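Hey, can you work out the whole structure from these sequences and the hints?
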Amino acid sequence: MSGHDHDHEHSELSPMELRVRALETVLTEKGYVDPAALDALIDTYQTQVGPRNGARVVARAWVDPAYRAWLLSDGTAAIASLGYQGRQGEHIVALENTAQQHHMVVCTLCSCYPWPVLGLPPTWYKSAPYRSRAVRDPRGVLAEFGVGLPPETQIRVWDSTAEVRYLVLPMRPAGSEGLSEEQLAALVTRDSMIGTGVPKPVA
Amino acid sequence: MSYRSHADLGGRLGFGPIVNEPEDERFHAPWEPRVLAATLAMGAAGLWNIDISRATRETLPHYARLTYYEIWFEALLKLCAQRALVSDDELAAGHALQPPRALPRVLRAGEVGEVLARGAPTARAATTPARFAVGDAVRTYAGEVAHHTRLPGYVRGKRGVIERVHGAHVFADAHATGRGESPRWLYTVAFDARELWSGDAGATQVVSIDAWEPYLEPA
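As you go down the protein sequences, you meet chains G and Z in turn.
Position in the first sequence counted from 1, then plus 1, gives you our numbering.
Position in the second sequence counted from 1, then plus 417, gives you our numbering.
Don't read these hints as lab results, they were simulated from the structure.
Predicted model only: the values in this text are computed from it and were never measured.
Hints are not guaranteed to be accurate.
No more than 30 Å apart at the CA atoms, straight line, and that leaves these computed lysine-lysine pairs for DSSO-like [claimed, not checked]: (1) Z/K575 <-> G/K31; (2) G/K31 <-> Z/K495; (3) G/K127 <-> G/K201; (4) Z/K495 <-> G/K127.
In structure tokens form, the structure reads like this:
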């Protein structure tokens, strides 16, 4: 048990903070969780795993045709070769955007998302407005994200209802021929890999 | 037996605008990462699986009023209470009052990297031939389901086409309801949006789900 003055310490905390702290304390005191494991989990998703991982995958696919072909035929293995694998990315399929077809990913039932390459999902991805409308009015959703596509472009929405996770391979920006892989990765946004955005233009 | 999921949101109207956020924003309150970590650590203890977790979350009566990490917290509490790991009086006191139960496993800090990197793959060896092949027309199950399922309401009873065959995977419906892994063939099924949304959808929209074989019949 901690020797903190709990009444004083808690006076500034929200009811939710207090409840979470109470549960965590009980779980720790009973030996169900290792506090250092909790810190390691948080550190992983706060500082190590995020959409820059996916951006490196995309940039590699843009510069290396053999890697691009591998990514599209066996996403899980091609992504693991760059060191990204595991929880919520056990089975990854990469989807290539073209002028004819634009892919967009949602999980209408919960919040399924390819954690090893994109990190934890943003709040909007887990929230009712996106989950409800992405499958019904994807063009309207894209417009809300500032993405306008030609009417003839097919919009292909992937509802992640099982344990397959989807990563969009966006189209390489025009005029990016001379850029390095690292410079290309900097153009790749999180939203462009969900399909609710496009990469940044070349400066 | 009645089962009601509050999480089946596809196609519903009236939830308002989407609020984007910067990509380096991870959490919105100090307690949110604690809930994430406690959920993952307790999930690794071996008393429940991810499908049981999802079933617990989606049936929370106040699901629609809760933020996502509030949903995770309430579901974790419920899972712990159901298994007599944590009691109401302990939660109120903020301290352990009863002796602990033995857990199958406790996730240690030194194992976190390895456990996350391993994940929990759901692909399994198939024991039956696949009933469908790419290009086959199928119709999804149209009825109510009295337990956790991953067949969204908006595609029920709809005609689609098999687009990908993913092999056999742990069947969520069975896994969530104590019937073991019961691997079944998993398919990506693509639907013309006009089949789903009767008229008010564009001709250039296609929506897919990933569906286990028991959800599907030949069309």
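Results of checking the hints against the structure:
With a C-alpha separation of about 49 Å, the suggested pairing of Z/K575 with G/K31 is violated against the 30 Å cut-off. With a C-alpha separation of about 17 Å, the suggested pair G/K31 and Z/K495 falls inside the 30 Å cut-off, and the hint holds. Straight-line distance between C-alpha atoms of G/K127 and G/K201 comes to about 24 Å, which keeps the hinted pair within the 30 Å bound. Taking the CA atoms of Z/K495 and G/K127, the gap is about 21 Å. The hint holds against a cut of 30 Å.
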